[in-house]
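As you go down the protein sequences, you meet chains A and B in turn. Take any residue in the first sequence, count from 1 to its spot, add 538: that is its number in the numbering used here. Take any residue in the second sequence, count from 1 to its spot, add 1: that is its number in the numbering used here.
For the record, the hints were derived by calculation from the structure and aren't laboratory data. One or more hints might be untrue.
[What the hints assert, rightly or not] A few chain B residues facing chain A, derived, Cβ under 7 Å:
hint, residue
1, D26
2, T47
3, M62
4, N71
5, R115
6, F153
7, R154
Note that the Cβ used here is the ideal one computed from N, Cα and C, for glycine as well.
Residues per chain, in single letters:
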Amino acid sequence: MGRYADNPAAIKALYRGNEVHRDVYTDQEVYRLEMKHLFANAWVFVGHESQTPNKGDYFSTQIGDQPVIQVRHSDGEVHVLHNRCPHKGTKIVIDRAGNTGKFFRCPYHAWSFKTDGCLLAIPLKKGYANTGLENTDSGKGMRAVGEVRNYRGFIFCRLAEEGISFEEYFGGSLSSIDNMVDRSPAGRLEVAGPPLRYMHHCNWKMLVENQTDTCHPMVAHESSAGTAVKLWEELDMPEGTPLPAAMEIIAPFMSPYEFFENMGIRTWPNGHGHTGVHHSIHSNYSAIPGYMDKMVEAYGEEKAKEILGENRHNTVYFPNIMIKGPIQQLRVFIPLAADKTIVESYIYRLVDGPDELTQRTAMYNRMINAPTSIVGHDDLEMYERAQEGLQSDGLEWVNIQRLYEEGEDFTKEAVENGTTERQMRNQFDAWVKFMTWDMDDVREAAE
Amino acid sequence: MSVSKEQLIDFIYDEVRMLDEGRYDEWLALWLKDGHYWMPLDYKQTDPLNVTSLMYEDLFMLKLRVERLNGARTFSQKPKSRCHHVIQRPYVDEMDEAAGTFVTTTFMHYVETRLDEQTLLALTARHELALVDGKLRIANKRVDLLNSDAAFRNIQLLP
Numbered sequence: 539m540g541r542y543a544d545n546p547a548a549i550k551a552l553y554r555g556n557e558v559h560r561d562v563y564t565d566q567e568v569y570r571l572e573m574k575h576l577f578a579n580a581w582v583f584v585g586h587e588s589q590t591p592n593k594g595d596y597f598s599t600q601i602g603d604q605p606v607i608q609v610r611h612s613d614g615e616v617h618v619l620h621n622r623c624p625h626k627g628t629k630i631v632i633d634r635a636g637n638t639g640k641f642f643r644c645p646y647h648a649w650s651f652k653t654d655g656c657l658l659a660i661p662l663k664k665g666y667a668n669t670g671l672e673n674t675d676s677g678k679g680m681r682a683v684g685e686v687r688n689y690r691g692f693i694f695c696r697l698a699e700e701g702i703s704f705e706e707y708f709g710g711s712l713s714s715i716d717n718m719v720d721r722s723p724a725g726r727l728e729v730a731g732p733p734l735r736y737m738h739h740c741n742w743k744m745l746v747e748n749q750t751d752t753c754h755p756m757v758a759h760e761s762s763a764g765t766a767v768k769l770w771e772e773l774d775m776p777e778g779t780p781l782p783a784a785m786e787i788i789a790p791f792m793s794p795y796e797f798f799e800n801m802g803i804r805t806w807p808n809g810h811g812h813t814g815v816h817h818s819i820h821s822n823y824s825a826i827p828g829y830m831d832k833m834v835e836a837y838g839e840e841k842a843k844e845i846l847g848e849n850r851h852n853t854v855y856f857p858n859i860m861i862k863g864p865i866q867q868l869r870v871f872i873p874l875a876a877d878k879t880i881v882e883s884y885i886y887r888l889v890d891g892p893d894e895l896t897q898r899t900a901m902y903n904r905m906i907n908a909p910t911s912i913v914g915h916d917d918l919e920m921y922e923r924a925q926e927g928l929q930s931d932g933l934e935w936v937n938i939q940r941l942y943e944e945g946e947d948f949t950k951e952a953v954e955n956g957t958t959e960r961q962m963r964n965q966f967d968a969w970v971k972f973m974t975w976d977m978d979d980v981r982e983a984a985e
Numbered sequence: 002m003s004v005s006k007e008q009l010i011d012f013i014y015d016e017v018r019m020l021d022e023g024r025y026d027e028w029l030a031l032w033l034k035d036g037h038y039w040m041p042l043d044y045k046q047t048d049p050l051n052v053t054s055l056m057y058e059d060l061f062m063l064k065l066r067v068e069r070l071n072g073a074r075t076f077s078q079k080p081k082s083r084c085h086h087v088i089q090r091p092y093v094d095e096m097d098e099a100a101g102t103f104v105t106t107t108f109m110h111y112v113e114t115r116l117d118e119q120t121l122l123a124l125t126a127r128h129e130l131a132l133v134d135g136k137l138r139i140a141n142k143r144v145d146l147l148n149s150d151a152a153f154r155n156i157q158l159l160p
């Protein structure tokens, strides 16, 4: 046993308001405990229902380090099952997506299971007669996760059987998903193609924290956004020339600190929060002809204006996704080790919305978040330098103190200056809560 | 003026050498102004616009990409990356002498390195070339990575 297992006090001591200990980023035991506790007790994003539109459609992914299958059952509901044969442990699904028909069949010994996981058949079943197989976990079939919720097409699950309810966990933060989906005149999104997949040699939380880090764009991205602005000026286009879409996307990264201060940050309980309360880098994209008309037709003028007037920048759903409502993008930060994270960046099309919006979103995704992206390159460089720098014994603590106030209360929604690091602190407050939610206390047990 | 098969093949060899040697101004000058460099994300992808690609860049974006490499505050290029193409003899798939348009397909291995890391990519490059004012130019270039759906580390230079 290491320093942190079954020791909630040691976990709590890693976060002290304005600072967090480097072990949360570098320690493999802390990573193992995150997988066992945090990712089991929290509600974690699985996929979008449009990735499994028909009965028998499946999609494989992982929740923390747990391999799971999202599958559309014969009753039309989306189920999430552990991707493991209850017999010998063989992964049932290896490809990323497909259709399994009415049942899953393990390729090793042909045990088969309904698409809700129930055991369907075992070849030569008489070999198990009178052995009590039905009383074992293996005899029950493929295990489902603790609980699943389909919220407006987005599938979330909680691995643990018992725990916080979906509504209590997300609370008011669901308004960001609502806004993203409401931007479709039909009130529905569909996944648009496969995600970008980008391997980072850093801790997953660095990526999550960066989503609401508003003091880095003009610094880390000067080489891309700053150069873009310079090249555009050198072209010396006549006054009033509309910016090309690429410039509309990248130029706002160079906005001054004041822009980011005034955009505001909102935090919700349980580690969720977003930048861009009042405006954001997505606010000034040019209008697409015909879109507003369709929205007014679908929602009425007042509601349509309200939906499109909201331009939230990045919304973090703790622990490990970020969505951009105005452009229908979702990024999931999948932890593979203390120092290894895979980032998958999805885009969605607005059902009944114009193709031009999908095209702008696809452009944003490849320009900003691809392994080939001139913006992504500098972000990755920062994370990996931090991962290496944290090995230094010169200082063991990481500072998250910008606009910190003594005794901050994260149980209440709050709106603050857009450059505060409050959302990072909010995430660590939730981190401690769900890490220690079901953690035994060895010292109490010893007493 | 006509173009021989050998001249088309030499053009492809010269292009990758420019990239390997970092002669980007020369390389940008090869492009027609409405050309696109496309690197699909999905195997056999047909649509560059409505789904994500790894790259789909016009000349402005390519110029930005190249310009950035030499910037004083381009942190991911401190130190700089280097790259190396090993190519098979290009296939000349189409030769329309009258229109002055040509298509080649080239199989290659692309190696990119920085610090202690080295990435090897197997890829197929499809060039659409055009003869303009007596010079061969790139009208479009499509680069299909053999493992386009894999999770990549940084790819910072140009395959």
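**Request:** Mind checking the CB of M62/B against every CB in chain A and telling me if the closest is under 7 Å?
**Result:** 6 Å, holds
**Message:** Quick check on R154/B please, does its C-beta sit within 7 Å of some C-beta on chain A?
**Reply:** Hint holds; R154/B Cβ to chain A Cβ min 5 Å, cut 7 Å.
**Item:** Interface hint outcome for D26/B [beta carbon to chain A under 7 Å]
**Value:** 14 Å, violated
**Request:** Double-check R115/B for me: the hint is only fine if its C-beta lies closer than 7 Å to a C-beta in chain A.
**Result:** 10 Å, violated
**Evaluation of the interface hint that places F153/B against chain A, nearest CB under 7 Å** = Holds - the Cβ of F153/B comes within 7 Å of chain A, reaching about 4 Å at its closest.
**Item:** Residue hint T47/B, partner chain A, criterion CB-CB below 7 Å
**Value:** 11 Å, violated
**Item:** Interface hint for N71/B, Cβ within 7 Å of any Cβ on chain A
**Value:** 9 Å, violated
Hint check: violations occur at hints 1, 2, 4, 5; the rest are consistent with the structure.
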